Each structure stands twice: as C-alpha cells, then as structure tokens.
Amino acid sequence: MHTLTPWSATAQEALQNNEILLEKTIHNQTYQFFNTGDFLWIVAVTPENNRIAFRAAFAMSSCFEVENIFDGKDTIVVSLNSRLGNCEVRVNFPDSNNPMLHYTTTFTARIPLIIPFWPRDVMPLTQNGSVENTFGQIHMQQAGTRTGLLYASMSKPKKGSLFYFQNLTSISAYCEATKTELCDAVGGKWPEIGFRLPQAEESPLPAGVALVLSDAYILLRDDFPDTPSEISAQFLSHLASVYSIMPKPELEYHHWPDIAQKVLHDLYHNKGCWTQTNGCPYLNAYLCDYDTPG
76 MHTLTPWSAT AQEALQNNEI LLEKTIHNQT YQFFNTGDFL WIVAVTPENN
126 RIAFRAAFAM SSCFEVENIF DGKDTIVVSL NSRLGNCEVR VNFPDSNNPM
176 LHYTTTFTAR IPLIIPFWPR DVMPLTQNGS VENTFGQIHM QQAGTRTGLL
226 YASMSKPKKG SLFYFQNLTS ISAYCEATKT ELCDAVGGKW PEIGFRLPQA
276 EESPLPAGVA LVLSDAYILL RDDFPDTPSE ISAQFLSHLA SVYSIMPKPE
326 LEYHHWPDIA QKVLHDLYHN KGCWTQTNGC PYLNAYLCDY DTPG
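76 is the number of the first residue of the sequence shown in our numbering; add one for each residue after it.
Because the hints were derived from the structure by calculation, they are not lab data.
Remember, predicted model here, so these are calculated numbers, not experimental data.
Derived lysine-lysine pairs resembling DSBU-like cross-links, with alpha carbons at most 35 angstroms apart:
(1) 264 <-> 234
(2) 264 <-> 233
(3) 323 <-> 148
When you get a sec, could you build the whole thing from the sequences and use the hints?
What follows is the structure in structure tokens.
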C-alpha cells in the first residue's frame, strides 16, 4: 500500500460523488470532465477500462464554479471562476493517428498570490478500490532542468502505460514572474506523479496577468512492452509523436558573415582578449583570463 497526500487520498471518492460535466470519445478513448470544487479533473478511460485522472486545474483552497463549457469539433474550453481568480482549461486531441490528450491551463489571479504548495497532476484510479492500492513503475522522469517528461507502466489494477510530456517553455512566463525554476518539476512517487508547479514563496503570482500553469501532452496505452529494447522503442515512439505535434519556433535568419566580422573586430580591439608578455600580444583563452594559457 502506498502513502498519499490529503489532496489525493479523497480524490477518487470526490470523483465518484460528482456528476460528469462533459464526456467525449476520441480514438476509442473516453475523456470525462469533473469539477470537484477544489479541482477540475480530466479522467481518461482506455478501451480496456484503465482509468487515469489528470488534475487540470487547482483552486488553491478556493472553490471552482463552472462559468462556461465550449464543446467544439476539435477543441473543448472550460471556463472556471473562483474567489482567487479566473481559470481557463483548453483541451484538444492534436494527433489524428493516436489518442493524444493535450490541455493548457491559464490562470488570471485577482490579487497577488503566494503559492507555497501545488499537487502533482496525474493519479491512477481503480474501479471501486483505493488509489493507494494501485501499482506502477516510473521508467523515466525529468532530471534537473531537462525535458519535462515522465514514462511509466502500470500493473495494478490493470496493465498499461503512460507517457506524459509537459511543455516547460509555456510555463516560463510564470517562472519569470515568480522567480522560480522548473527543476525536477515532472516526476513524483507512485501513485502521485506528473507535473508540480514550482512554489512561489518569495515573489507572488501577479494579479491581472494571464499565465499558463500547465501545457501537457499525454499518451495512454493498454499494453506495456516486456523487454528493455521494446520499452525504449515505445518511449522514443511516444516522444517523436509529441515532438511532431508541438508548436515549433519560427525560423530566424542570421547573417553569419556580418556576425563573424563583428567578432573579429571585438577580438582585435577588446583589451580583455589579450595578454602582453615580453612586449608581445597573446590571445587569451577566455575574456579577461590572464591565468589560463591561450
């Protein structure tokens, strides 16, 4: 049996006691939306009835009220209100060949907010049992400030796999505003895994500014490979699927001959680039480094 935080210990019961706001089936996977007051959940149900819950929005000791639900052909938008601010969860299914879930959560605070805690956003569910009795293994997760991804397998209550990718670039505005870092932000300990927003304890979340708090891509499977080589192949396949879908930065042209001329000019005229020894100038290995041999 696994230990849980209070935010997950009561989550399955809260989901069971609330009505489904919206249900949508894409590529034989069903997605159910729940408002439990403190959270907006997206529960993914696979063809083999694996159930994984994604904490798409957190009310932070407040209570969400659903202002509007837009259910379009390709996009779902859930607008939420709380005493602390307005939240928008935008959901789409961007891969025409795979059941990929993508959601982006944007929050606008009414007042500056210190954020001392944030729960992780992925939790496996059972049919009638307890979350702490599920079993899974994390095979890959974010290390330091590298790519924000997680790859895990499940064996109880049913066999399956989860690939989770958080686009950390989308969270950069939040980090700049709160002076936080996205180090080891995606990971966790089973069964509480996924992304955890960095704690903003010194610089508050500013009021009146719409900031992205999550930009997640998820792939679920009802199977999991047996051998290390097959596991690696599935991981790379999922990673390639996400990268092919993610927005790419625009190409920017650099006039390298002009840049090279400026570099040569600066190297020649900047005194920090040179050392005088016995009346002869020598190029430094690094700027103003007079100890390392050139």
